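**Student:** Each chain is listed here by its residues.
There are 2 protein chains.
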Amino acid sequence: MKMPVGFEIAAATAGIKSSGRSDLGLIYSPFPLAWAMASTENLIKAPCVSRNRARYATGQPIQALAVNSGNANAGNGDQGIWDNEDFAGAVAAGLALPKVQDALTASTGVIGKRLPIELIREQIPDLAQQLGPDTNTFAEAILTTDTRPKQVAATLRNGARVVGIAKGSGMIHPNMATMLAFVMTDASLSQENLRRLWPRIVRRSFNQVSVDGDTSPNDMALLFASRQLNADPMEFAEALEAVCQKLAQKIAQDGEGATTLITVRVGGGRDEDQALAAARSIAASNLVKTAIHGRDPNWGRILTAVGASGAVSDLANLQIRLQGQAVYKGKPLPFKEVMLSEMLNASEVVIEVDLAAGEATGIAWGCDLTAEYVKINADYRT
Amino acid sequence: MKMPVGFEIAAATAGIKSSGRSDLGLIYSPFPLAWAMASTENLIKAPCVSRNRARYATGQPIQALAVNSGNANAGNGDQGIWDNEDFAGAVAAGLALPKVQDALTASTGVIGKRLPIELIREQIPDLAQQLGPDTNTFAEAILTTDTRPKQVAATLRNGARVVGIAKGSGMIHPNMATMLAFVMTDASLSQENLRRLWPRIVRRSFNQVSVDGDTSPNDMALLFASRQLNADPMEFAEALEAVCQKLAQKIAQDGEGATTLITVRVGGGRDEDQALAAARSIAASNLVKTAIHGRDPNWGRILTAVGASGAVSDLANLQIRLQGQAVYKGKPLPFKEVMLSEMLNASEVVIEVDLAAGEATGIAWGCDLTAEYVKINADYRT
Numbered sequence: 000m001k002m003p004v005g006f007e008i009a010a011a012t013a014g015i016k017s018s019g020r021s022d023l024g025l026i027y028s029p030f031p032l033a034w035a036m037a038s039t040e041n042l043i044k045a046p047c048v049s050r051n052r053a054r055y056a057t058g059q060p061i062q063a064l065a066v067n068s069g070n071a072n073a074g075n076g077d078q079g080i081w082d083n084e085d086f087a088g089a090v091a092a093g094l095a096l097p098k099v100q101d102a103l104t105a106s107t108g109v110i111g112k113r114l115p116i117e118l119i120r121e122q123i124p125d126l127a128q129q130l131g132p133d134t135n136t137f138a139e140a141i142l143t144t145d146t147r148p149k150q151v152a153a154t155l156r157n158g159a160r161v162v163g164i165a166k167g168s169g170m171i172h173p174n175m176a177t178m179l180a181f182v183m184t185d186a187s188l189s190q191e192n193l194r195r196l197w198p199r200i201v202r203r204s205f206n207q208v209s210v211d212g213d214t215s216p217n218d219m220a221l222l223f224a225s226r227q228l229n230a231d232p233m234e235f236a237e238a239l240e241a242v243c244q245k246l247a248q249k250i251a252q253d254g255e256g257a258t259t260l261i262t263v264r265v266g267g268g269r270d271e272d273q274a275l276a277a278a279r280s281i282a283a284s285n286l287v288k289t290a291i292h293g294r295d296p297n298w299g300r301i302l303t304a305v306g307a308s309g310a311v312s313d314l315a316n317l318q319i320r321l322q323g324q325a326v327y328k329g330k331p332l333p334f335k336e337v338m339l340s341e342m343l344n345a346s347e348v349v350i351e352v353d354l355a356a357g358e359a360t361g362i363a364w365g366c367d368l369t370a371e372y373v374k375i376n377a378d379y380r381t
Numbered sequence: 000m001k002m003p004v005g006f007e008i009a010a011a012t013a014g015i016k017s018s019g020r021s022d023l024g025l026i027y028s029p030f031p032l033a034w035a036m037a038s039t040e041n042l043i044k045a046p047c048v049s050r051n052r053a054r055y056a057t058g059q060p061i062q063a064l065a066v067n068s069g070n071a072n073a074g075n076g077d078q079g080i081w082d083n084e085d086f087a088g089a090v091a092a093g094l095a096l097p098k099v100q101d102a103l104t105a106s107t108g109v110i111g112k113r114l115p116i117e118l119i120r121e122q123i124p125d126l127a128q129q130l131g132p133d134t135n136t137f138a139e140a141i142l143t144t145d146t147r148p149k150q151v152a153a154t155l156r157n158g159a160r161v162v163g164i165a166k167g168s169g170m171i172h173p174n175m176a177t178m179l180a181f182v183m184t185d186a187s188l189s190q191e192n193l194r195r196l197w198p199r200i201v202r203r204s205f206n207q208v209s210v211d212g213d214t215s216p217n218d219m220a221l222l223f224a225s226r227q228l229n230a231d232p233m234e235f236a237e238a239l240e241a242v243c244q245k246l247a248q249k250i251a252q253d254g255e256g257a258t259t260l261i262t263v264r265v266g267g268g269r270d271e272d273q274a275l276a277a278a279r280s281i282a283a284s285n286l287v288k289t290a291i292h293g294r295d296p297n298w299g300r301i302l303t304a305v306g307a308s309g310a311v312s313d314l315a316n317l318q319i320r321l322q323g324q325a326v327y328k329g330k331p332l333p334f335k336e337v338m339l340s341e342m343l344n345a346s347e348v349v350i351e352v353d354l355a356a357g358e359a360t361g362i363a364w365g366c367d368l369t370a371e372y373v374k375i376n377a378d379y380r381t
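Residue numbers (numbering that gives the first Met the number 0), protein chains in the order written: chain A, 0 to 381; chain B, 0 to 381.
Derived from the structure by calculation, the hints contain no laboratory data. Don't take each hint at face value.
One copy or two, either will do: identical chains are not told apart, so a pair holds if it fits within one copy or between any two.
As the list claims (entries may be wrong) - EDC-like cross-link-like pairs, simulated, lysine to aspartate or glutamate; straight-line CA separation at most 16 Å:
1) Lys1 <-> Asp101
2) Lys335 <-> Asp125
3) Lys374 <-> Glu347
4) Lys1 <-> Glu234
5) Lys112 <-> Glu336
6) Lys98 <-> Glu237
7) Lys335 <-> Glu117
8) Lys374 <-> Asp295
9) Lys335 <-> Glu121
10) Lys112 <-> Asp353
11) Lys112 <-> Asp295
From a predicted model like this one, the values you see are computed outputs, not experimental measurements.
Taking the hints into account, I'd like the entire structure generated from these sequences.
**Tutor:** See the structure below:
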């Protein structure tokens with residue numbers, strides 16, 4: 000995939016991951032980038048998140064983002080703060096940026112191990128040399144337990160583009176779980192517009208993904224605009240939402256141990272909050288996830304998850320559909336259990352719920368919970 | 000185990016469970032029982048919960064409780080309401096109670112299948128005949144995926160007793176998950192006292208258990224007093240808390256697929272709410288559960304779970320201990336990883352967290368998350 004106009008990108012192998020896979024990525028622009036940020040709500044924040052937030056608060060543009068995988072640099076006390084500053088410093092020096100603050104950082108991987116800053120520092124000059132238009136190696140370098148890179152692009156009518164790259168596989172839950180998402184555009188939009196738009200988009204995309212209900216100290220979704228090409232703001236907003244929702248879907252699809260993408264579409268919500276909450280609650284339920292894994296049309300668990308979310312107004316008219324088959328409307332509906340079970344044996348399962356309370360809709364994405372998830376997370380470090 | 004003075008108990012096999020195991024239980028008192036109730040916060044409530052709550056609101060005493068396992072009679076629309084009333088009616092008739100409302104009901108099992116009310120009705124006269132002092136068959140009859148019955152008793156200085164019986168194995172999460180708990184006492188306490196005490200006890204016991212983060216429409220914790228023996232109210236409250244906490248622990252220990260009980264003790268909380276929330280968040284984390292299953296001293300996941308609960312005031316002084324070994328205090332502490340991993344290979348793992356924010360404490364109980372959990376829940380109905 001090609002970067003939008005005004006961006007360069009690169010990746011390298013610094014040796015942070017013991018697997019020997021690439022683990023360092025860099026995004027750079029010769030232009031001051033307008034940007035917007037959403038980040039973890041976990042009170043334990045990695046130094047990269049805290050530092051980027053501080054920069055964000057100044058409203059100043061930035062020019063670079065460096066990302067390492069294999070080490071979250073979280074839970075490391077003051078040492079982690081210094082190491083993160085050194086990381087940014089090395090990037091700013093390697094790119095000859097006017098100020099260290101013009102470089103953002105992001106880290107993902109194991110918590111509580113010191114960041115190998117010397118390995119990173121050694122690699123930065125090479126990384127800066129390799130900057131170019133192609134996103135593929137970067138999309139690989141930011142992965143941890145992900146099995147595949149996640150990239151989505153859209154092109155607007157006048158040629159401006161939106162390119163999104165994300166990672167995330169476990170510790171994935173609404174409200175910015177272990178997920179990194181970077182979206183670049185050459186569309187010309189004011190930073191004010193970007194910052195107004197971004198929370199709304201994140202709320203409908205990355206915050207609606209659940210793999211395991213756990214949230215991480217390192218999550219960030221960053222939006223960068225080089226402002227090189229004109230674009231219609233409404234068209235841009237729609238393209239941005241589509242890109243982010245596709246990235247969110249890819250994250251759920253690649254959930255640790257997952258075999259099936261679960262897409263939950265909720266309609267008839269009193270308001271968007273209610274519809275989003277109901278969808279999230281279903282996508283996050285371990286019992287729904289295991290039922291789908293077992294190809295079991297056990298709608299009782301879906302109903303229960305809706306109830307747990309608080310999004311029930313009109314129980315007598317609440318409807319549930321599984322793969323298009325109506326299974327519940329205020330009471331159990333008759334259906335062919337064996338046939339529906341076979342329909343659940345698919346790479347994507349769609350759960351539809353009508354709350355019968357209004358017009359609002361919401362989508363969420365999850366995946367099935369498998370023995371492989373347990374294996375991956377029981378053996379992650381040992 | 001023997002019931003307290005003023006209670007009789009029995010169990011039978013009505014054929015609700017396809018396994019042929021016993022599935023119907025009855026508790027009866029010739030005296031009007033003072034009682035207290037806590038129940039599910041899920042908005043999808045089974046008819047037994049709604050009906051018992053309505054009775055509870057009247058403040059009137061009751062004389063009997065019938066419980067069936069194998070069928071939750073939830074999600075069944077109006078039919079479920081009628082079937083539940085028939086269930087209570089059959090019990091009241093079989094015991095010749097003055098009013099149908101003097102009998103409570105509780106159901107647990109599969110959601111969305113009609114309650115086989117005829118099977119139950121046929122069995123009630125026999126059940127009433129078998130009433131006696133021994134709790135063991137009842138404790139068996141209320142089980143679903145539980146692997147063992149859960150009973151705890153305490154005796155006060157003057158001879159009054161507290162006897163608790165519970166079930167719960169999956170769909171277990173704070174705020175009354177699929178769990179039934181019945182506690183009987185012959186101590187003489189006013190209903191007003193019981194009803195003031197019960198929410199406080201439930202909050203510190205049953206609401207601090209998490210197996211899988213899912214909540215159920217059928218949960219109830221009921222406290223019954225026959226008021227036959229004098230008791231010191233403070234001594235009674237302490238005994239009641241101890242009985243309920245031991246039952247909560249037994250539920251976590253018997254979590255679906257579990258091999259290890261996880262006990263989380265949080266100290267240094269600003270207030271009890273904060274300490275309880277932090278403990279719950281750790282006990283409920285899939286990533287903590289899988290790490291313990293893998294005997295991995297991955298304290299980063301514990302720290303992250305505390306952060307997700309919102310219970311972080313003083314990060315620099317926050318401490319974590321695993322099996323007594325300090326692993327984190329504001330930053331990672333050195334420890335022998337192989338030795339600690341071996342210490343985690345135990346039937347109980349104790350996680351201790353000091354929030355360094357005050358004096359309040361809180362306990363929660365969970366269990367490891369295993370491939371067996373996935374298997375049980377993927378195959379539950381099929």
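**Student:** Hint by hint, which ones does this structure get wrong, listed from lowest number up?
**Tutor:** 1, 2, 3, 4, 6, 7, 9 and 10
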